[in-house]
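Trainee: Below are the chains, spelled out letter by letter.
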Amino acid sequence: RKEVEQDPGPFNVPEGATVAFNCTYSNSASQSFFWYRQDCRKEPKLLMSVYSSGNEDGRFTAQLNRASQYISLLIRDSKLSDSATYLCVVNLGGGFKTIFGAGTRLFVKA
Amino acid sequence: DAGITQSPRHKVTETGTPVTLRCHQTENHRYMYWYRQDPGHGLRLIHYSYGVKDTDKGEVSDGYSVSRSKTEDFLLTLESATSSQTSVYFCAISGGTQDTEAFFGQGTRLTVV
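Line by line, the protein sequences give chains A and B. Quick note on numbering: the numbering used here labels position 85 of the first sequence as 104, and the sequence is numbered without any gaps. Quick note on numbering: the numbering used here labels position 83 of the second sequence as 919, and the sequence is numbered without any gaps.
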């Protein structure tokens, strides 16, 4: 079983749609969680951190469920520019190992 | 932007030749990683390092070796390049004293002909 698992997609949605991605992780000692975005032919970059209380950044909402060991990302009112691959990333805390999911592809169409 | 650079950014090489890719960081982060990314597979971990001279294998390590003789440098070597190793290679770092965020290099596009 992979340490971080994501649905690879692709998710094809129309502009204005709401789309949700889930990610599960296997190590219950994981302490820090992130969503990264990767555009075509570019390196992944941090989109947002994920906190137990849930956090929101504009149209993006991230949630963490420690009991079930999953993380979610909700994108509301999708834009064409949201088309990218979204990576779930888990860190074991402090200076410990960071584990990356393989990513979920999103295509937003006009 | 985090101080992480990869070199070369593009390379074309012949089958059977050895190739070394370099990742250099100026952040003094403990962990360094090498990934390859191919269509339909996402990021796949090749090797990672948790300190100078401390490395471990990832899920696709066959045909690759790594070395880390200094905190700032992590080298990936394709011992005898094959066409199946044509890919985009990303280096990443994590493990700063306070910040657990990971940073990626810009990638190296390698073509083996």
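It cannot be assumed that every hint is accurate.
Unchecked claim - Okay, derived cross-link-like pairs now, DSSO-like style, lysine-lysine, Cα gap no bigger than 27 Å in a straight line:
#1 B:K893 - A:K21
#2 B:K847 - A:K21
#3 A:K116 - B:K906
#4 A:K64 - A:K116
#5 B:K847 - B:K893
#6 A:K61 - A:K21
#7 A:K98 - B:K847
#8 A:K64 - A:K128
#9 A:K116 - B:K893
#10 B:K893 - A:K64
#11 A:K21 - A:K116
#12 B:K893 - B:K906
#13 A:K61 - A:K128
#14 B:K847 - B:K906
#15 A:K128 - A:K98
#16 A:K64 - A:K21
#17 A:K64 - B:K847
#18 A:K64 - A:K98
#19 A:K98 - A:K61
#20 A:K116 - A:K61
#21 B:K906 - A:K64
#22 B:K906 - B:K889
#23 A:K116 - B:K889
#24 A:K61 - B:K893
Said to hold, decoys possible - One-sided and incomplete, this derived list gives chain B residues near chain A with beta-carbon spacing under 8 Å:
#25 P875
#26 Y900
#27 S901
#28 F926
#29 T936
#30 E937
Derived from the structure by calculation, the hints contain no laboratory data. Since we're looking at a predicted model, the values are computed, not measured. Here a beta-carbon is modelled for each residue, glycine too, at the ideal position from N, C-alpha and C.
Trainee: Against which earlier hints does the structure fall short, listed by number upward?
Mentor: 2, 7, 25, 26 and 27
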